[in-house]
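**Student:** Assemble chain U onto chain X, guided by the hints.
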Amino acid sequence: MNLPEALKYTKEHEWIKLENGVAVIGITDFAQGELGELVYVEVDTVGERIEKDEVFGTIEAVKTTSDLFMPVTGKIIEFNKELDENEGDNPGLINSDPYGDGWIVKIEIENSEDLEDLLDATAYQDLIE
Amino acid sequence: MKSTGLTQIHIDLGARMAEFAGYNMPISYTTIMEEHNSVRESVGVFDVSHMGEFIIKGKEALNLVQQVTSNDAATLEIGEAQYSCLPNNQGGIIDDLIVYRLSEDQCAEGEQAYMLVVNASNIEKDFNWIKAHNKFDTRLINISDQTSLLAIQGPQAVQVVQQLTEINLSAIKFYSFQKGSIAGEDNVLISATGYTGSGGLELYVRNDQVLRLWKALFEVGQAYAIRPIGLGARDTLRLEMGYCLYGNDISDTTSPLEAGLGWITKLGKDDFNGKEAILSLKEQGLSRRLVGFKINDRRVPRHDYPIIADGKEIGVVTSGTLSPSLGIPIGMGYVKWRYRKPGTNLFIQAGKKLLEAEVVKLPFYKKS
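Residue numbers (this note's numbering), protein chains in the order written: chain X, 2 to 130; chain U, 78 to 445.
Chain X with its partners taken away, still in its complex shape (with noise of 0.2 Å):
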């Protein structure tokens, strides 16, 4: 199970990484083995502030649809063009590079002691075995 130990992680199988002041979050590796091949990713909430473990979007699989949740409270900035059906189109990218291409979101965190909340890679791997 490939889990970047540079990352925080939520137990909704969220990852997030802190990268100039900016986060990145997407879903973890794990996450999207159990879900299997995504087919459609929809955020249509960029620009809006949005509370810790509130829903920000929502993935569908061929088997099965899952919300997205924020691992922190705050304001959505970037969805990535590359899963927008308006752009890329390319969910698939979250199945072949969950961490890297595979990102959802960028946004601005609005108190980044909730960052100390989440769980490191050592916890994530507790929770998932």
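Bear in mind the hints are in silico, worked out from the structure with no lab data behind them. It is possible that part of the hints are untrue.
To be verified - Straight-line C-alpha distance at most 20 Å; calculated SDA-like pairs for lysine to any residue:
no., chain 1, residue 1, chain 2, residue 2
1, U, K389, U, L431
2, U, K430, X, V44
3, U, K136, U, I218
4, U, K134, U, Q144
5, U, K371, X, T66
6, U, K371, X, K82
7, U, K418, U, L334
8, U, K430, X, T65
9, U, K430, X, E49
10, U, K429, X, V44
11, U, K429, X, R50
12, U, K418, U, P440
13, X, K107, X, G22
14, X, K76, X, F31
15, X, K53, X, K107
16, U, K430, X, D45
17, X, K53, U, G428
18, X, K82, U, D374
19, U, K430, X, T46
20, U, K430, X, G22
Treat the numbers as computed from the prediction; the structure is a model and nothing was measured.
**Tutor:** Same frame as chain X, now just chain U:
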């Protein structure tokens, strides 16, 4: 969790496994899309050994089958099969099943024999129900734990299996069967049935034969790019055909008439369980109907999503998926009677979002 004779093979192949009806079953080996397309375009093999099989054998075997099932088993010749259901006394569906009329070479003088193939999740419920109605001179035997089932499905399925037998398989008509030897395994029940809409065969064997048969199929199937298919693609394949899945689309509280299964409900035959309740529902008129719909959105309908029309909730989704063959989301669900016609516009409530939907004629997928 129970295993089939092939569980270890599925694990060794790297399948994603999950519990289904108490069995450890393969959901997919690669991706649902790839597996689905293989069955539509060439050939795939399903281990569906979890399915249940009962033998009904005796002088009054037909009477028992007629008493518990809705279709008319009296029309079956030896070597024929029919789709049917087990109605309860309220006219709901205890299970859907296939009834086979077996040869009588193992029977005593004047006896008949049938095999009933039922859903894995309902084996115990069905067996107890049929047993409770066995007032006849006949025996009911549960052979589920001794029986394995492989479904070889797809346009090239018959060609692949043909290389393993002397029996002329193309002579076996849809919903009929023969017994014979396949890959040196004796006494295989070779049935021209399936749950995919792409043709093929289902092979019933003893548990001790199934691993050898699986290996033989993959050896001769190599030239046809044969692949194992999990329960994930089994669901997308059946849904594209509009076939009901017990527990999703039909249940103890849905009538076969509401589910569009009037064609296997022979109200003209003598008394059978549920006949009165089904007749009375027919007389008073149906209030809802199972329909197929396509979605004009990228979001996919799922079991239990509300169906909306004229600003009101008028039904509920029972099955939904992205259709791998059509590339659009499709689903089935019960709607109030007046919303049942193809062309009717509906909405499906997906969380906060309303998805545009249109009732369409089943099946969704038609062979090109």
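**Student:** Could you run down the list of hints and mark each one as holding or not?
**Tutor:** Each hint, compared with the structure:
In summary, the hint linking K389(U) to L431(U) is supported, as the alpha carbons are separated by about 12 Å, within the 20 Å threshold. For the hint pairing K430(U) with V44(X), the CA-to-CA distance comes to about 12 Å; that is within 20 Å, so the pair holds. Only pairs whose Cα atoms come within 20 Å are accepted, and K136(U) paired with I218(U) is accepted, the gap being roughly 15 Å. Only pairs whose Cα atoms come within 20 Å are accepted, and K134(U) paired with Q144(U) is accepted, the gap being roughly 14 Å.
Annotation: proposed proximity of K371(U) to T66(X) holds, straight-line Cα distance about 17 Å (limit 20 Å). A hinted pair counts as satisfied when its Cα atoms are at most 20 Å apart, and K371(U) with K82(X) does not qualify at roughly 27 Å. Restraint check: the Cα-Cα separation between K418(U) and L334(U) comes to about 15 Å, which is no more than 20 Å; the hinted pair holds. Between the alpha carbons of K430(U) and T65(X) the distance comes to roughly 16 Å, so the proposed pair stays at or under 20 Å and holds.
Distance hint between K430(U) and E49(X) is fulfilled; the C-alpha atoms sit about 17 Å from each other, no more than 20 Å. Only pairs whose Cα atoms come within 20 Å are accepted, and K429(U) paired with V44(X) is accepted, the gap being roughly 13 Å. With a CA separation close to 18 Å, the supplied pair K429(U) and R50(X) stays within the 20 Å bound. Between K418(U) and P440(U), the direct Cα distance comes to roughly 14 Å. Compliance with the 20 Å bound is thereby established for this hinted pair.
The hinted pair formed by K107(X) and G22(X) meets the criterion: a straight-line CA distance of about 10 Å does not exceed 20 Å. For the suggested pair K76(X) and F31(X), the alpha carbons sit about 26 Å apart, so the restraint of at most 20 Å is broken. Using a Cα cut-off of 20 Å, the hinted pair K53(X) and K107(X) holds, with the two alpha carbons roughly 14 Å apart. Distance restraint check for K430(U) and D45(X): the Cα-Cα separation of roughly 11 Å lies within the 20 Å cut-off, and the hinted pair is therefore satisfied.
Between the alpha carbons of K53(X) and G428(U) the distance comes to roughly 19 Å, so the proposed pair stays at or under 20 Å and holds. As the CA atoms of K82(X) and D374(U) are separated by approximately 19 Å, the hinted pair is consistent with the 20 Å bound. Between K430(U) and T46(X) the alpha-carbon distance is near 13 Å, which keeps this suggested pair within the 20 Å criterion. Taking the CA atoms of K430(U) and G22(X), the gap is about 33 Å. The hint is violated against a cut of 20 Å.
Violated hints, in rising order: 6, 14 and 20; the structure is consistent with all others.
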